[in-house]
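Take these sequences, add in the hints, and give me the full structure.
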Amino acid sequence: MAPRTSPEVGGMGHAIKRKEDPRFIRGQGRYVDDIQLPGMLYLDIVRSPFAHARIKTIDAGRALKVPGVLAVITGETLAKYNLHWMPTLMSDMQMVLPTEKVMYQAQEVAGVIATDRYAAADGVDAVEVDYEPLPVVVDPFKALEPGAPVLRTDKKDKTDNRIFHWEVGDKAATDRAFAGADVVVTQDMHLPRIHVASIETCGCVADFDRVTGRLTVYMTTQAPHAIRTVVALVAGHVGLSEEKIRIVAPDIGGGFGGKVPVYPGYVIAIAASVVVGKPVKWIEDRMENLQADSFARDYHIRAELAAGKDGRMTALRIKTVADHGYADAAANPSKFPAGLFSICTGSYDFGQAFAEVDGVYTNKPPGGIAYRCSFRVTEAAHTIERMVDVLAHQLGMDPADLRLKNFVPPDKFPYRSVLGWEYDSGNYPAALKKAMEKIGYAALRKEQAEKRARGELMGIGISSFTEIVGAGPSKHFDILGIKMFDSCEIRVHPTGKATARFGTKSQGQGHETTYAQIVAEELGIPAAHVEVEEGDTDTAPYGLGTYASRSTPTAGAAGAVAARKIRDKAKKIAAHLLEVGEEDLVWEPGKFSVKGAPQKAKTIQEIALAAYTNHPQGLEAGLEAVHYYDPPNLTFPFGSYICVVDIDRGTGEVKIRRFVAVDDCGNIINPMIVEGQIHGGLTMGLAPALYEEISYDEHGNIRGGSFMDYLLPTAMETPQWELDKTVTPSPHHPLGAKGVGESATVGAPPAIVNAVVDALAHLGVRHLDIPITPEKVWTILREKGVAE
Amino acid sequence: MATHTIRVTVNGTAHDAEVESRLLLVHFLRDRLRLTGTHIGCDTTHCGACTVLVDGEPAKSCTLLAVQADGAEVLTVEGLEKDGALHPVQEGFWQEHGLQCGYCTPGMMITGYALLARNQNPTEPEIRHAISGNLCRCTGYVNIVKSIQYAAARLR
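Residue numbers (my numbering), protein chains in the order written: chain A, 1 to 788; chain B, 1 to 156.
None of these hints come from the bench; they were simulated from the model.
Keep in mind the model is a prediction, meaning the values are calculated, not measured.
Here a beta-carbon is modelled for each residue, glycine too, at the ideal position from N, C-alpha and C.
Hints should not be assumed to be uniformly reliable.
Claimed, not checked - Within a straight-line C-alpha distance of at most 27 Å, the following computed DSS-like cross-link-like pairs (lysine-lysine) qualify:
| hint | chain 1 | residue 1 | chain 2 | residue 2 |
| --- | --- | --- | --- | --- |
| 1 | B | Lys82 | A | Lys17 |
| 2 | A | Lys158 | A | Lys434 |
| 3 | A | Lys497 | A | Lys483 |
| 4 | B | Lys146 | A | Lys446 |
| 5 | A | Lys655 | B | Lys146 |
| 6 | A | Lys156 | A | Lys142 |
| 7 | A | Lys434 | B | Lys82 |
As the list claims (entries may be wrong) - Restraint ranges, calculated between C-beta atoms of paired labels, are given here:
| hint | chain 1 | residue 1 | chain 2 | residue 2 | range |
| --- | --- | --- | --- | --- | --- |
| 8 | B | Gly71 | A | Gln720 | 38 to 44 Å |
| 9 | A | Glu698 | B | Gly12 | 55 to 61 Å |
| 10 | A | Lys446 | B | Thr63 | 46 to 52 Å |
| 11 | A | Pro774 | B | Thr123 | 54 to 60 Å |
| 12 | A | Arg210 | B | Glu91 | 43 to 49 Å |
| 13 | A | Val183 | B | Glu91 | 46 to 52 Å |
The structure is reproduced here in structure tokens:
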């Protein structure tokens with residue numbers, strides 16, 4: 001679709017250069033750790049070496065003698081203010097600082113306040129804590145066994161380690177479908193703990209002004225408004241009232257879901273600032289970030305798929321154990337303890353499905369957040385895309401043919417899935433066929449057969465995923481009761497320039513550009529003249545923030561609707577200026593003209609000036625609008641990915657030779673930014689597929705707690721991604737857009753796993769858990785007698 | 001804690017300073033000189049967000065002591081722009097969408113700058129190898145490679 005606006009205006013479809021970049025390429029971004037306030041103190045944190053232990057004593061005596069150390073804050077200190085516990089976003093409770101027990105390795109035990117960061121670190125080393133180790137529960141299945149130590153002794157009536165049992169679908173009907181099926185395949189899989197590991201870690205500067213009673217917190221948060229409300233609710237009793245709390249999310253160095261939760265460090269810094277009356281900075285280091293901040297995934301899944309002999313898939317049944325660690329600190333909408341896992345029927349037209357998830361406590365850090373995905377969609381997509389390949393293998397069918405046979409047909413949209421979602425739009429065969437054509441699927445299968453005959457290991461993997469993003473409609477979606485709308489306020493100034501503020505917060509997604517283009521599209525004001533602001537709760541309208549690919553579906557839509565409200569008012573002013581009726585005016589981007597007399601026109605800039613200098617009597621002056629957008633439905637981006645791998649028989653290394661990604665995110669606002677989002681998403685799909693895992697030994701000691709062991713893909717491992725697209729607009733979004741930031745992270749891992757399994761299928765391999773390390777592959781090659 | 005007097009030339013300006021033995025170069029640059037463009041992303045020399053040039057060689061300033069830079073010439077991201085004109089590496093990152101959150105960008109650009117100083121016509125594998133000590137979580141590296149290629153073409 002050709003852009004409607006000129007390149008100078010830069011509305012939808014223009015690949016304009018990013019407006020935020022001039023400061024970043026000069027090193028002039030303003031991240032939290034760049035903020036230095038007069039008299040600022042530093043917080044560093046003492047952490048537990050044990051995964052489960054009783055705290056006998058905390059002795060701060062030696063620490064308080066360290067030059068520069070001013071105070072040591074413990075759970076007892078916070079208990080005086082009743083701030084030693086805080087709610088998670090899932091309405092569970094977690095400690096800020098412990099008074100009795102630690103529940104995971106690296107848990108916060110005490111905070112040291114000092115005059116500089118080196119002194120604070122010295123103080124941490126000098127705090128002496130005496131622990132009495134307790135039995136550790138690491139395995140979530142053992143945690144569910146009768147007689148397992150009950151971990152949450154703080155919960156009065158808790159007699160086991162189950163957090164929740166959640167189920168969806170018609171179990172009896174699904175069981176009947178399985179009983180009558182020609183073929184049933186079953187597969188266990190584990191999606192291990194991983195960490196978003198944004199290159200900027202988490203931190204804050206809390207600045208409490210004793211005179212005004214105002215608290216300003218500069219913090220790494222993806223959801224500043226929600227944080228303000230949470231602080232007011234949690235600390236209202238110590239005098240922090242919401243109108244006196246200002247949360248500022250400055251430039252954020254990557255979020256990916258890891259900067260949605262509230263971590264104890266933020267709360268300790270706020271408490272310290274309130275008590276001391278000075279600004280307090282807390283910046284975690286990388287090991288703290290990996291070891292204690294919310295993790296993602298950790299789903300132990302058993303999936304079963306029923307089908308006819310002809311490959312027609314009929315029913316899906318999934319049972320999952322979700323290891324949440326010490327507390328359910330996921331960041332899901334309240335009504336969805338397992339997030340949007342019920343999108344697990346994926347791109348396929350199932351007659352029956354049933355899924356259940358049990359959440360479990362263990363002695364690991366709390367979490368269950370997303371890793372660049374929309375609330376457990378990655379887990380769902382991985383499950384179904386693996387199961388389709390398992391079935392293809394069982395039936396001896398080509399996995400592409402099996403997918404084409406079972407896709408929701410394009411003419412069935414809007415499509416009601418058996419688990420209750422209404423998919424807004426889609427054309428799954430088109431995306432898969434495009435990917436097959438681009439990669440040369442038939443020729444690759446021929447090459448694979450020839451290589452296999454020579455003993456070489458090559459595999460081709462497909463993933464045809466469906467995303468579910470843009471949470472969400474207020475009927476179902478809230479976080480701690482706050483509905484998941486999002487917002488935009490636009491002010492058009494007398495000289496025809498505009499300021500647009502949003503309730504979301506970019507962490508690299510390019511909102512300052514994309515949102516400006518939305519306003520440009522709707523009002524014809526050049527994107528260069530639209531200043532976008534987010535992240536300051538004193539100025540931006542209330543919104544739920546940026547995660548789960550929700551910014552374009554919610555706040556972007558709010559921007560379009562707010563701009564249309566302004567256009568409606570502009571039309572009244574234009575009619576007044578041109579002395580015609582509103583019905584005689586036609587709009588083209590940037591101006592209203594009189595029907596049949598196009599030379600009689602008023603530009604949006606002329607109208608803006610008139611709104612302040614010559615507005616019609618009876619109409620309010622000014623040209624502003626605000627809109628809180630409550631989406632009528634979620635959006636369902638989709639795509640088909642094909643990956644080609646070669647396996648080194650000497651080392652077991654998986655080499656990605658090619659990766660074709662065909663994405664459909666509806667109408668595109670900035671093609672350059674969309675492409676960049678997909679590149680990044682694919683790389684964060686590659687990461688858990690082949691490299692990243694955080695695991696624990698039987699004592700609850702973390703393995704993978706630094707970049708020594710937790711391997712992020714570098715430019716060497718990352719292949720040259722080959723992108724293409726189809727465009728199926730969302731029928732309900734004002735711009736037809738769907739959101740794109742996470743599609744690739746969701747879709748990529750199963751394509752890679754399917755390719756590796758495909759390379760080894762003739763050896764009898766049917767499944768591999770991620771990450772598929774060289775060691776894992778080499779062990780199989782050796783067992784099968786094909787290692788070199 | 002012992003202190004030392006050092007002289008470090010940063011982006012062409014000489015700075016004399018009294019520093020603790022243990023002060024990291026990155027903290028000297030960020031907290032003392034307030035050149036906050038150089039970032040900290042890990043503590044183990046893996047991520048490269050803190051990369052600066054020390055006497056023309058890329059160095060991870062989170063694992064160098066400030067005293068080790070005594071007498072050295074340091075170039076940080078703030079020194080890339082000359083007389084109001086962006087360096088081609090900066091232009092390239094903007095033009096080719098080589099950055100998203102911007103956090104790894106200064107280190108990545110300094111590494112690219114150093115590569116182009118010794119190799120005016122790097123191949124894609126050479127670029128990928130050169131930046132393999134700089135982690136980026138946002139871009140998937142594709143556009144970073146293009147950004148450095150853009151700069152190479154501009155510099156030739």
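Earlier hints that do not hold, by number: Structure breaks hints 2, 3, 4, 7, 11, 13.
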